[in-house]
Amino acid sequence: MLSYNDDPKLVEEKVMQTYNLLKELSAIEDFPAISFNARRALGVMWQVTSDLDLEFEQLFHLKV
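Heads up, the sequence shown is in the working numbering, so the first residue is 9 and it goes up one at a time.
What the hints contain is simulated information worked out from the structure, not anything from laboratory work. Bear in mind that the values here come from a model prediction, so they are computed numbers and not experimental data. Incorrect hints may appear among the rest.
With a Cα cut of at most 27 Å, we get these calculated BS3-like pairs of lysine-lysine [what the hints assert, rightly or not]:
{"hint": "1", "residue 1": "K17", "residue 2": "K31"}
{"hint": "2", "residue 1": "K71", "residue 2": "K31"}
{"hint": "3", "residue 1": "K71", "residue 2": "K22"}
When you get a sec, could you build the whole thing from the sequences and use the hints?
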């Protein structure tokens, strides 16, 4: 099981991988269910990246 206290860099790396993957999925134009749900999940992951001070950006351009 992953633990932030044991390996914060690994956890932060996985958070950023997930965040960036969701950004890619939210840009899919020909399958609305994927892009809509990816944008919803991206809003949650945005909170995680912000709380960990990993990345701060506004996501209005992705309609999040």
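Going down the list of hints, with the structure as the test:
no., hint, verdict
1, K17 / K31, "holds, 21 Å"
2, K71 / K31, "holds, 11 Å"
3, K71 / K22, "holds, 24 Å"
The structure is consistent with each of the numbered hints, conforming to all of them.
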